[in-house]
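Each protein sequence line maps, in turn, to chains X and F. Read in numbering that gives the first Met the number 0, the first sequence has 112 at position 113, and its numbers run on one by one without any break. Read in numbering that gives the first Met the number 0, the second sequence has 95 at position 96, and its numbers run on one by one without any break.
Treat the hints with caution; some may be incorrect.
Okay, the calculated bits of chain X under chain F, using three or more residues with CB under 8 Å as the criterion [unchecked claim]:
id : region
1  : 50-63
2  : 96-102
3  : 106-113
Here are the simulated DSSO-like pairs of lysine-lysine, each with C-alpha atoms no more than 30 Å apart in a straight line [what the hints assert, rightly or not]:
id : chain 1 : residue 1 : chain 2 : residue 2
4  : X       : Lys66     : F       : Lys14
5  : X       : Lys90     : X       : Lys54
6  : X       : Lys66     : F       : Lys66
In silico negatives: residues of chain F with every beta carbon more than 12 Å from chain X [to be verified]:
id : residue
7  : His62
8  : Val84
9  : Asp108
If you are wondering where the hints come from, they were derived from the structure by calculation, not from laboratory data. Since the structure is predicted, the reported quantities are computational estimates derived from the model, not experimental observations. From the three backbone atoms N, C-alpha and C, an ideal C-beta is built for every residue, glycine too.
Protein chains: 2
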Amino acid sequence: MTGAEVGKRYVALIKENKHEECLAELFSQDAVSVEALAPPGGDRTAKGIEAIRGKGKWWMENHTVHKAEVSGPYPHDDRFAVRFVYDITQKPTGKRLTMDEVGLFTIADGKIVREEFFYTGS
Amino acid sequence: MTGAEVGKRYVALIKENKHEECLAELFSQDAVSVEALAPPGGDRTAKGIEAIRGKGKWWMENHTVHKAEVSGPYPHDDRFAVRFVYDITQKPTGKRLTMDEVGLFTIADGKIVREEFFYTGS
Numbered sequence: 000m001t002g003a004e005v006g007k008r009y010v011a012l013i014k015e016n017k018h019e020e021c022l023a024e025l026f027s028q029d030a031v032s033v034e035a036l037a038p039p040g041g042d043r044t045a046k047g048i049e050a051i052r053g054k055g056k057w058w059m060e061n062h063t064v065h066k067a068e069v070s071g072p073y074p075h076d077d078r079f080a081v082r083f084v085y086d087i088t089q090k091p092t093g094k095r096l097t098m099d100e101v102g103l104f105t106i107a108d109g110k111i112v113r114e115e116f117f118y119t120g121s
Numbered sequence: 000m001t002g003a004e005v006g007k008r009y010v011a012l013i014k015e016n017k018h019e020e021c022l023a024e025l026f027s028q029d030a031v032s033v034e035a036l037a038p039p040g041g042d043r044t045a046k047g048i049e050a051i052r053g054k055g056k057w058w059m060e061n062h063t064v065h066k067a068e069v070s071g072p073y074p075h076d077d078r079f080a081v082r083f084v085y086d087i088t089q090k091p092t093g094k095r096l097t098m099d100e101v102g103l104f105t106i107a108d109g110k111i112v113r114e115e116f117f118y119t120g121s
């Protein structure tokens, strides 16, 4: 698949809340995920699909999603961008906030090998 | 300026429609601008600030902007992303459309050295 095709499939799966299928189908085993900022007590970078799966699981367990708006994909050669606007509550603190960020995905051999998230600290 | 600071200034100037000031203040002389797709009869890549200035001038002369929505910046280290949603009419064709894209900007030595635009063809 091209970057644009992977992007379309990525957005379709995320909109259907199929995070596990998205990882299994579209991500390389060696994919790397990089946050703009380190989460409290965590690393900015997750290396390998198992680390990314763990990060996603942690996120889902620690947030309630009230509304999710996913825009894109926006392709450019072997990369695509996606914009995420999530209305969420952080379960540990009870704090409700809007998460507004851009993801940048890099494709090689038809798989996502790198995802990078762009945002400002709240 | 850091990537986040350049991004804030970029978005502020663009929102005020100060394109020339934005180029002069924030872009490196050797900056490169890359479109996702080649415009009709044109190149995807503009090299150097004069080429970028010319591209911007051509764009402004050939489009009427009815409404512009600029979101961001979304920083990540020495890069930042911006989302643009423009309601425009193409002057030569009279066609009105929504331009929805993501710009990715790379900073070196406090200046924008690369801008890349991500979008799908209409």
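Annotated coverage of the region 106-113 of chain X by chain F, confirmed only when three residues or more have a Cβ within 8 Å:
violated (count 0)
Can you tell me if the region 96-102 of chain X counts as covered by chain F, using C-beta to C-beta distances under 8 Å and a minimum of three residues?
As far as the region 96-102 of chain X goes, the hint holds, because 3 residues have Cβ atoms under 8 Å from chain F.
Confirm or reject the statement that Val84(F) sits farther than 12 Å, beta carbon to beta carbon, from all of chain X.
Per Cβ check, Val84(F) is inside 12 Å of chain X; nearest 9 Å; violated.
Holds or violated: Lys90(X) to Lys54(X), with C-alpha atoms at most 30 Å apart
Within the cut-off at roughly 16 Å; holds.
Minimum Cβ separation between Asp108(F) and chain X greater than 12 Å?
21 Å, holds
Straight-line Cα separation of Lys66(X) and Lys14(F) no greater than 30 Å?
28 Å, holds
Can we confirm that no CB of chain X comes within 12 Å of the CB of His62(F)?
19 Å, holds
Within the assertion that chain F covers the region 50-63 of chain X, do at least three residues meet a Cβ-to-Cβ distance smaller than 8 Å?
violated (count 0)
For a C-alpha distance cap of 30 Å, please report whether Lys66(X) and Lys66(F) respect it.
26 Å, holds
The structure does not agree with the numbered hints 1, 3, 8 stated previously, though it agrees with the rest.
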